[in-house]
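**Student:** Could you slot chain U onto chain G? The hints should help.
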Amino acid sequence: MSGPTVFGLCAAVAVGLGLYGLITNPHPLRKIIAFNLLGSGVFLLFGAVGRRGAAASVGNDPVPQALVITGVVVAFSATALAIALLLRLFQKTGSTTLSSGAPPNASSDPSGG
Amino acid sequence: MSIAAAFEVALAAVVLGLGIWTIAVRETYSATVGFVAYGLLVALIWVRLDAVDVALTEAAIGGGLGGVLLLGAAARLRDAGPTAAEAPGKVVRVTAAILSVLTAAALAGAVLLLPDPAPTLAPKAVANASATGLANPVTNVLMAFRAMDTMLEKVVLLLAIIGVWSLAPDDAWGGHPGPRHQADPLGVLVFLARLLPPIGIVVGIYIFWTGANHPGGAFQGGAILASMWLLAIMAGLTDTPPVGRRWLRFILVAGPGLFLVVGLGGLWFGAAFLAYPPAQAKPLILGIEVAMILTIAATLGLLLAGAPERSVK
Chain G
515 MSGPTVFGLC
525 AAVAVGLGLY
535 GLITNPHPLR
545 KIIAFNLLGS
555 GVFLLFGAVG
565 RRGAAASVGN
575 DPVPQALVIT
585 GVVVAFSATA
595 LAIALLLRLF
605 QKTGSTTLSS
615 GAPPNASSDP
625 SGG
Chain U
956 MSIAAAFEVA
966 LAAVVLGLGI
976 WTIAVRETYS
986 ATVGFVAYGL
996 LVALIWVRLD
1006 AVDVALTEAA
1016 IGGGLGGVLL
1026 LGAAARLRDA
1036 GPTAAEAPGK
1046 VVRVTAAILS
1056 VLTAAALAGA
1066 VLLLPDPAPT
1076 LAPKAVANAS
1086 ATGLANPVTN
1096 VLMAFRAMDT
1106 MLEKVVLLLA
1116 IIGVWSLAPD
1126 DAWGGHPGPR
1136 HQADPLGVLV
1146 FLARLLPPIG
1156 IVVGIYIFWT
1166 GANHPGGAFQ
1176 GGAILASMWL
1186 LAIMAGLTDT
1196 PPVGRRWLRF
1206 ILVAGPGLFL
1216 VVGLGGLWFG
1226 AAFLAYPPAQ
1236 AKPLILGIEV
1246 AMILTIAATL
1256 GLLLAGAPER
1266 SVK
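Order-wise, the sequence lines are chains G and U. Each residue of the first sequence is one higher than the one before, counting from 515 in my numbering. Each residue of the second sequence is one higher than the one before, counting from 956 in my numbering.
Extracted from the complex, chain G is given alone in its bound form:
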């Protein structure tokens, strides 16, 4: 089995793992990490496909490479926004629960806002 195939299969499993963690883990931070794992698997799929498209003395098709570089930066900014939301939720309610019921010790935020 060639390198792109090995890493392509690895990417497929990473997507599956991320999807499972995203659904089953109740902790929001773990969901964010699982979502990043899923995204990293998708990026690796691009890499495996691009490696097969090596031509003209370029080792990996530059178009999927550029898309992945853009994707990594966008994924980072989305993660940063998600974590900022989560930290604010924790600061305001003292818990990180995502369930729709009333949080256990709500309105403990001294700073208002």
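Worth flagging that the hints you see were computed from the coordinates, not collected in a lab. One thing to keep in mind: the hints can contain errors.
To be verified - Examples of chain U residues lying across from chain G (beta carbon under 7 Å, computed):
| hint | residue |
| --- | --- |
| 1 | Ala-967 |
| 2 | Gly-974 |
| 3 | Thr-983 |
| 4 | Ala-986 |
| 5 | Phe-990 |
| 6 | Leu-1004 |
| 7 | Ala-1042 |
| 8 | Leu-1062 |
| 9 | Ala-1063 |
| 10 | Val-1066 |
| 11 | Val-1081 |
| 12 | Val-1093 |
| 13 | Val-1111 |
| 14 | Leu-1112 |
| 15 | Ala-1115 |
| 16 | Gly-1261 |
Given the structure is predicted, the values throughout are model-derived calculations rather than measurements. Backbone N, C-alpha and C define an ideal beta-carbon position, used for all residues, glycine too.
**Tutor:** Frame of chain G; chain U shown alone:
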């Protein structure tokens, strides 16, 4: 099996092992550490896939800055109560497992059944390199052939920072992001924060400059500059600037703003939106990249610093 092939299989196995650890381990902090290690090893996979530009990005942003972000959040959420009561039931778990296995199997099947010979845009990207005067095909795709993606991505960064800042409490509106860091003035962190930035700034600018013809570019260089800034902030040598400052906001819009101006210029004087006149293509691209590296470094650093928490004294 050759040594290289054995290394590739071993690397994939270790990466998947870390992925399983990240999902399955009980402690959130351990999962975070596992994910940071995973990100760094994925950068190695990118090197093996002959995509060094992506490997640099993944190591700097996915492994480095992303790791700091997740570890910081995990540390601040340590006192959060257990959420075990909300754990989904057996039915949800089994359904999720079936769904995940099916998704992974479908993707694996697609990988095994990819067409041969593989379709590729590499020859076109190389053949048109003369249009910009840059030799790195990835930079050409990012800055010229698919410049629209890159410009919109800058806008996404801007939207993300606006989103993070809008989470500030009323009394810290427009104030300093994140907590004020204190460190032992004779400790290792402060020593490193004084020693590394001069070297890191040179490396960051070099990676940006060499990106025209070799692996590297504004994203990777900007991430290194951001990490040097964050190092000084975390060692308490400097503070995060208040987000209401006009110069800071100017830097944040400089990259996408200049990109937009050049793009509209292409529409006005040239053939299409973002069409560079061939004679000035290289200076224009480098000019946009100079504005972009400043914007990227500032935005990445401020995204990591988080929402404003302290008002301006």
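**Student:** Which of the numbered hints above does this structure break?
**Tutor:** The structure conflicts with no hint, since it agrees with every one listed earlier.
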